[in-house]
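Asker: Listed here are the chains, written in short residue letters.
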Amino acid sequence: MNPDPLDALFRTVREDAPDTSRAEFGFETRVLARIRAERRSSWQGWAWRLCPFFTALAVAAGAWFYGHRDGLPETENFYDAVRLAGTPVVSFYLTGEP
Amino acid sequence: MTVLAWPMPFISAATSHDAGAESPPDDAALVRHILGGDERSFAELIRRHKSRVFGTCSRFARDSHELDDICQEVFLRAYRKLSGFRGEAPFEHWLATLTVSVCYDYLRKERRHRENLAYNVETSERRDVGADESLSARRAKELLDWAMRQLEPEDQLVLTLLELEERSIREIADVTGWGESKVKVRAFRARAKLKLIIEESHES
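In order, the protein sequence lines correspond to chains V and C. When the letters of the first sequence are read in order and numbered with this note's numbering, they come out as residues 85 to 182. When the letters of the second sequence are read in order and numbered with this note's numbering, they come out as residues 25 to 228.
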């Protein structure tokens, strides 16, 4: 009885199991490196995704401060005061006497 | 080369008199440590199971680059899904199911992108398939690869597991999630199709 050619083909291929030892060398190192790379890229991805949110927040905060700047106290500037009022201001600052 | 240093829980369990008899942690313990953030345990898990995964994936991959890609995908997917491992069955069964799933995905993806390959082995050699003892294993593999790639991914999967990996119908049903009767029917039809493809290649 002739053997089924398909069985013979399967047997030939099955018995010739490929040697994977070279491909297995250092495999765990490569997998761990990929896991670390994926983890890093996922953090970067989140950072990039959050960028528009923080930009919008900064613009909104800037707009709010610009809109409410009249209600804020004037900042005292020593140099501006000296420039406007002259040496009496220097004397006031140094001695505390008018 | 990565030197494995066991994390503290393994060492602290050992006392001075039984330190030498400390057995390595089992797979379930390694999984718990990995879920706790210990990467070295995952390296150990890979080291234990990579030969089996490479053996299965080598039946599906065409070259060493594809083999490396598929095996990496198996372990990456295992790492991502590790929290789904309940420990009810051995880890290697869980990993075998995952391996088959990745290989099946690979076959489907490969089929979508594949061009219609022309097999250019000499006709005389093709006629001798199976009957000629001198047919080299490499030629046989080329012919089988070519013929298998004409089949549907499901057919390729079931024939590879049944005929090349020599798994039982029950095992194939377990790893694929199909019923045993579906595996039997699929294998029978796939075999018939493969036979026809090879016979037609002889005639052409």
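These are calculated hints, taken from the structure and not from any lab test. Note that this is a predicted model, so its numbers are computed, not measured. Treat the hints with care, since some could be wrong.
[As the list claims (entries may be wrong)] With a cut-off of at most 16 Å between alpha-carbon atoms, the simulated EDC-like pairs for lysine to aspartate or glutamate come out as follows:
no., chain 1, residue 1, chain 2, residue 2
1, C, Lys133, C, Glu116
2, C, Lys206, C, Asp179
3, C, Lys165, V, Glu108
4, C, Lys165, C, Glu189
5, C, Lys208, C, Glu223
6, C, Lys219, C, Glu176
7, C, Lys217, V, Glu99
8, C, Lys105, C, Glu189
9, C, Lys206, C, Glu178
10, C, Lys219, C, Asp179
11, C, Lys219, V, Asp103
12, C, Lys206, C, Glu195
13, C, Lys74, C, Glu97
14, C, Lys208, C, Asp169
15, C, Lys165, V, Asp91
16, C, Lys133, C, Glu189
17, C, Lys217, V, Asp88
18, C, Lys217, C, Glu178
19, C, Lys105, C, Glu90
20, C, Lys74, V, Asp103
21, C, Lys105, V, Glu122
22, C, Lys165, V, Asp103
23, C, Lys206, C, Asp169
24, C, Lys219, V, Glu122
25, C, Lys74, V, Glu122
26, C, Lys217, C, Glu189
27, C, Lys165, C, Asp87
28, C, Lys165, V, Glu99
29, C, Lys133, C, Glu63
30, C, Lys133, C, Asp179
31, C, Lys105, C, Asp169
32, C, Lys206, C, Glu166
Asker: Hint by hint, say whether it matches the structure.
Answerer: Hints and how they fare:
no.	hint	result
1	C:Lys133 with C:Glu116	violated (25 Å)
2	C:Lys206 with C:Asp179	holds (11 Å)
3	C:Lys165 with V:Glu108	violated (21 Å)
4	C:Lys165 with C:Glu189	holds (14 Å)
5	C:Lys208 with C:Glu223	violated (23 Å)
6	C:Lys219 with C:Glu176	holds (14 Å)
7	C:Lys217 with V:Glu99	violated (23 Å)
8	C:Lys105 with C:Glu189	violated (25 Å)
9	C:Lys206 with C:Glu178	holds (11 Å)
10	C:Lys219 with C:Asp179	holds (13 Å)
11	C:Lys219 with V:Asp103	violated (28 Å)
12	C:Lys206 with C:Glu195	holds (13 Å)
13	C:Lys74 with C:Glu97	holds (12 Å)
14	C:Lys208 with C:Asp169	violated (22 Å)
15	C:Lys165 with V:Asp91	holds (13 Å)
16	C:Lys133 with C:Glu189	violated (22 Å)
17	C:Lys217 with V:Asp88	holds (14 Å)
18	C:Lys217 with C:Glu178	holds (13 Å)
19	C:Lys105 with C:Glu90	violated (22 Å)
20	C:Lys74 with V:Asp103	holds (13 Å)
21	C:Lys105 with V:Glu122	holds (15 Å)
22	C:Lys165 with V:Asp103	holds (14 Å)
23	C:Lys206 with C:Asp169	violated (24 Å)
24	C:Lys219 with V:Glu122	violated (44 Å)
25	C:Lys74 with V:Glu122	violated (21 Å)
26	C:Lys217 with C:Glu189	violated (19 Å)
27	C:Lys165 with C:Asp87	holds (12 Å)
28	C:Lys165 with V:Glu99	holds (11 Å)
29	C:Lys133 with C:Glu63	violated (30 Å)
30	C:Lys133 with C:Asp179	holds (15 Å)
31	C:Lys105 with C:Asp169	violated (31 Å)
32	C:Lys206 with C:Glu166	violated (28 Å)
Hint compliance for this structure: hints 1, 3, 5, 7, 8, 11, 14, 16, 19, 23, 24, 25, 26, 29, 31, 32 are broken, all remaining hints hold.
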